[in-house]
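Asker: Add chain U to chain E, keeping to what the hints say.
There are 2 protein chains.
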Amino acid sequence: MPRDQRYLLAISGGRDSVAMLHAIWHAGYHKLVLCHLNHGLRGDESDDDAHLVRQLAEAFDLPFELGHTDVPARMKEKKESMELAARRSRHTFFAKCSNIHNCSRVLLAHHADDQAETILHNLLRGSAGLSGMPFSNQLQIPPAPGAPEQPLQLLRPLLHIRRSEINLYLDHHKLNYREDSSNREAITTRNRLRLKAIPMLNDIMDRDIAVSILRAHEISNAQQQAIHAILNEQNLFDPQGRIFLPKLRQLPEALQLSAIHQYLKNKKVPDLSQDVIARCHSLINDPNTAKVNLPGGYHFQRKEKRLFVTPSQPSH
Amino acid sequence: MPRDQRYLLAISGGRDSVAMLHAIWHAGYHKLVLCHLNHGLRGDESDDDAHLVRQLAEAFDLPFELGHTDVPARMKEKKESMELAARRSRHTFFAKCSNIHNCSRVLLAHHADDQAETILHNLLRGSAGLSGMPFSNQLQIPPAPGAPEQPLQLLRPLLHIRRSEINLYLDHHKLNYREDSSNREAITTRNRLRLKAIPMLNDIMDRDIAVSILRAHEISNAQQQAIHAILNEQNLFDPQGRIFLPKLRQLPEALQLSAIHQYLKNKKVPDLSQDVIARCHSLINDPNTAKVNLPGGYHFQRKEKRLFVTPSQPSH
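In order, the protein sequence lines correspond to chains E and U.
Each residue of the first sequence is one higher than the one before, counting from -17 in the working numbering.
Each residue of the second sequence is one higher than the one before, counting from -17 in the working numbering.
Isolated chain E (complex conformation):
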């Protein structure tokens, strides 16, 4: 990450984001904007969080953006889970900060233990293979009226740092942070995994299972990259970007599945499970089926030796 660029730094005031601010600043990143969103979930505690972040902004002489949202209201209105409503609210807030400061890069404080949890969570809910958070990813957000459409770039500089290392860093530098009491409540799936399941698994296995999970994920990631590299050499697509079936048929079955998965991902089809991909794959050899329904109202079709996605029709 170039040091002379500006970065939005997402900061809750908790351990991880306070450590990130401190570490990043001392590593020579000085063009930072502190972006703090009050989620409307924790009453007075939230005001104290915002107060700490404002103090940090003054101490580091950095611009400060404070946002407010009402997650419970959004959950009700959009019928979203708390986790989803909170995440979408943050994204909207980042987009707003991005417009104000003409800066599309957002630093997030996810660390290696968050990553291990994410990988385990994705595995157990049936995502394809061992998938986690990337160091960097693009996030397309509907722009504010009149603003140019520009994706946000989410960056996770702490992704290889363990929680224990962050705690040592905070202690060593005697840094103030706020404890988010909701992190200690084993209510959400993520919190129950972190507070109940992972400690039990560490105990049963008599080891730090995050190390095992992270290592397995790295190896799996490298394999996926190898497969992508191979697929990119195959010229699977026609000039319209549709999969050319005779080419696809020449690949081993595992690569056919990977090719379909990658294609659907690129087309932004949501909620891809192995089930969905297997049903799409059946179009390769089943002469009686030419169309498969996909999540999000998409369809996967076979026509004139091509396989392709047709987007959802706007509802009337």
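No lab work stands behind these hints: they were computed from the structure.
Take every hint as true, because none was put in to throw you off.
Examples of chain E residues toward chain U, derived with CB under 10 Å:
| # | residue |
| --- | --- |
| 1 | Ile186 |
| 2 | Ile195 |
| 3 | Arg197 |
| 4 | Asn214 |
| 5 | Glu215 |
| 6 | Ser240 |
| 7 | His243 |
Heads up, the beta-carbon is just placed ideally off N, CA and C, and yes, glycines get one too.
Answerer: Using the frame of chain E, we list chain U on its own:
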């Protein structure tokens, strides 16, 4: 599996192996030898298990082999864990039965829930990726004196059958089996995963996590097979089995890493991480380094356009 061949059927007398005997026999496999090993772990209960298996052998009119071993004595003598001592005792017993009946095929009653446990166990203890039990694998066992050296072939016909389906099958056919009380004790790692961790994870995730784990494993397996298939087409090796560097250099980097990983795995180098593989990979382009230390005392070397492993030196 051809029906006219002979098979040794490993049978404890518990749910899974009794169901397997019944199902396999009714599927037309009649040349079976029932092989039951008393592990010396459960006193009188063991005699009752052997009694049930003998009755089954009589009912199905099949040959019956009864073996005895003293697992606690073996644990003490060879300093093995209970699980390892029990497994090795079984393998020795199978080898003996194999000689007596001139039959190298052994049917094991591992089912899909055993598989999900194995995959989770391997992931959490740091095996590479998502690895489980194969439907079929070869097992090299030191032969009895005078007997020819012949690998055993272990076969797992129930590997895609869920535990719940086996229970329904037993109920439906009103089959007698023995409950192994030690399966209900949360002492061994495997039993604690089965009895404590997996139910907790099912509860937290509000789903049957075995389905997710098995699906992820299938995809990961297919990807590994695809990579192996592609690497095998590349003629990467010289007649001595060393990696030929000019060939390796022609591959995309991700595939170079996979090739090195597969090579090291075949050479039985332990504790392979991405870090180890990346250090080995650096020999491709770094003219100043010609040798990398590997876990287990192995080395990875570059010499005369070849890359190869040199084994650890025996200690004196």
